[in-house]
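Residue numbers (my numbering), protein chains in the order written: chain C, 1 to 318; chain R, 1 to 318.
Think of the hints as simulated: they come from the structure by calculation, not from any bench.
Errors might be hidden in some of the hints.
From the derived model, a few chain C residues whose C-beta atoms are all more than 10 Å from chain R [what the hints assert, rightly or not]:
| # | residue |
| --- | --- |
| 1 | Lys34 |
| 2 | Phe122 |
| 3 | Arg155 |
Ranges between beta-carbon positions, derived for each pair [said to hold, decoys possible]:
| # | chain 1 | residue 1 | chain 2 | residue 2 | range |
| --- | --- | --- | --- | --- | --- |
| 4 | R | Asp46 | C | Gly277 | 31 to 41 Å |
| 5 | C | Thr15 | R | Asp196 | 22 to 32 Å |
| 6 | C | Leu312 | R | Ser82 | 33 to 43 Å |
| 7 | R | Glu266 | C | Ser36 | 31 to 41 Å |
In this text, a Cβ means the ideal position worked out from N, Cα and C, and glycines have one as well.
2 protein chains.
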Amino acid sequence: MAPMGAFITVDIGGTQIRAAAYPESGTQALAVRKTSTRAGHEKAFDRLVELIRSVFPRDGNVLSITVATAGPVDPQAGVIASAPNIPGWDNYPLRDKLEAAFHVPTHLGNDANLAALGEWRFGAAQGHAHLLYLTISTGIGGGVIVDNRLLLGARGLAAELGHLTVLPDGPVCSCGQRGHLEAVAAGPAIAAFVRDQLALGAVSSLGGASDLSARAVGQAAKQGDPLALRALARSGEYIGMALADFLAVFNPSIVIFGGGVSFSGELLLAPVRRSLGLRVMDQAYLEGLVITTAALGDNSGLLGGLALAHTLQPQVSA
Amino acid sequence: MAPMGAFITVDIGGTQIRAAAYPESGTQALAVRKTSTRAGHEKAFDRLVELIRSVFPRDGNVLSITVATAGPVDPQAGVIASAPNIPGWDNYPLRDKLEAAFHVPTHLGNDANLAALGEWRFGAAQGHAHLLYLTISTGIGGGVIVDNRLLLGARGLAAELGHLTVLPDGPVCSCGQRGHLEAVAAGPAIAAFVRDQLALGAVSSLGGASDLSARAVGQAAKQGDPLALRALARSGEYIGMALADFLAVFNPSIVIFGGGVSFSGELLLAPVRRSLGLRVMDQAYLEGLVITTAALGDNSGLLGGLALAHTLQPQVSA
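Just chain C, same shape as in the assembly (with noise of 0.2 Å):
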């Protein structure tokens, strides 16, 4: 029997970098390892590298090293476009340099693609040719699969789902133009939106909070506070006017929410079918659709990594 071999992948987020290392086949990972984004005057490169080293298994028979990275990447050129807090990388040749350093075949791809392609393999997508993909967090991130493929487009740079406009001339988004979903029904907008409604007298339990964030109107929504639960009513309704326009675009079997802000469940996931139920242009788009929520938590990005890893496996190996 040829000894086994595992997949290295690496989800490096805004705040903190994780690896894993899996084994051939199966999703327990043989060893999970951290680090944070931004600390230490290190080099960011030499500590992902060290990182690594820490999941390597023993015999050293490492098949493929995959990173999933939070900013916008070219998987063609693996090549990361620009990485959040980590000010050095642009136009990074991160896959060149790891596979100098390793000699391991190495894939990059966007955190939010690969969750998709995670879903869709181990996932809530299981079976489903047709995926969308949402993650609503600080900001709202995508993933489509269009016939059981990754949608990347020309240079990686597909389903930056975030970024549809809703609101023409609306508030400014973090990509500097206006009005896009991102802006309108992101976690700092949730957010925003409660604090707005405080300062115009709005009673609520986050009447005090000093530090209110869009995890903390979330569960307050979770105790039933109004105010709370119109927020995010209000962020569902305007993800449910894009996803009238997304399932017009795309007409999937599937659409799946991720992120910390999909942790209020029905909360907002009722908010969002009743604003899709009033836009869609055709009834016939909604027949048979799944609408639900990640299944993979906050492993969606290594186990993305573990997904794009067994698709690619054929051909590396080939």
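Knowing the structure of chain C, use the given hints to seat chain R on it.
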């Protein structure tokens, strides 16, 4: 040498139905015939069969029949959901009926989808793996090529690009919803804008026209009529807004405009580019991006069907 086979393609539009026979290779039709979509008392299907028979090669050696249709269609099921100006064709199993009549493998597709496929195989998008196609006439149809494959979605309802919301609570669209791209930028919206401005006292060579069409506006714009130019620029601005969204979603390397309104060329495309440049979320989407008009013109439906036939032929003959 084996006898040559022919491909038959049919284009069912709102005003006419055309059928053509093509040789096994090449895009020069052996025969083309047409009939009115809504005419006479004969049933539409019988007239369609007669039309197809009129282009049948003498030796009867037909490899496949492909039908492009103006309405929504489920290509996998071979069912037309509805067809403009053919009242009886709701959930109409046209594929099975044609296969029963001709004993030839038959395929259906939406006409804008197939036009995109035609441009990709024979027209302006040759060599591009990621194409966005918009046809702008009475309505706005779309077709998308992702990674050299036509985007169809779970039930063939994808790429309805005319139904992206660009102006929430804007004018009513043909689908019944509000503010879609089609409702603010297609031919009728262009003509309506000119009519409204004339009623408000705008001076224009179009002032005396009794039957004010988008075609007449396009002709006046070519003569330099300021109101006509404004009408096209307004349409182009909305299209540019939608295009900013579509680039973030698909990251294509080429965008192609077809349909009657696109015959105005740069009078429409220059405002599109200006609007897009202001609204695109990142300049990276514009690097190397081609924005142009369709190469196949009136034959886009027929040649799109031929492109589909070519694509499917290896499977058909296997």
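Against the structure, the hints come out as follows:
| no. | hint | result |
| --- | --- | --- |
| 1 | Lys34 | holds, 30 Å |
| 2 | Phe122 | holds, 21 Å |
| 3 | Arg155 | violated, 6 Å |
| 4 | R/Asp46 to C/Gly277: 31 to 41 Å | holds, 40 Å |
| 5 | C/Thr15 to R/Asp196: 22 to 32 Å | violated, 53 Å |
| 6 | C/Leu312 to R/Ser82: 33 to 43 Å | holds, 42 Å |
| 7 | R/Glu266 to C/Ser36: 31 to 41 Å | violated, 52 Å |
Against the hints set out earlier in the document, violations occur for numbers 3, 5 and 7.
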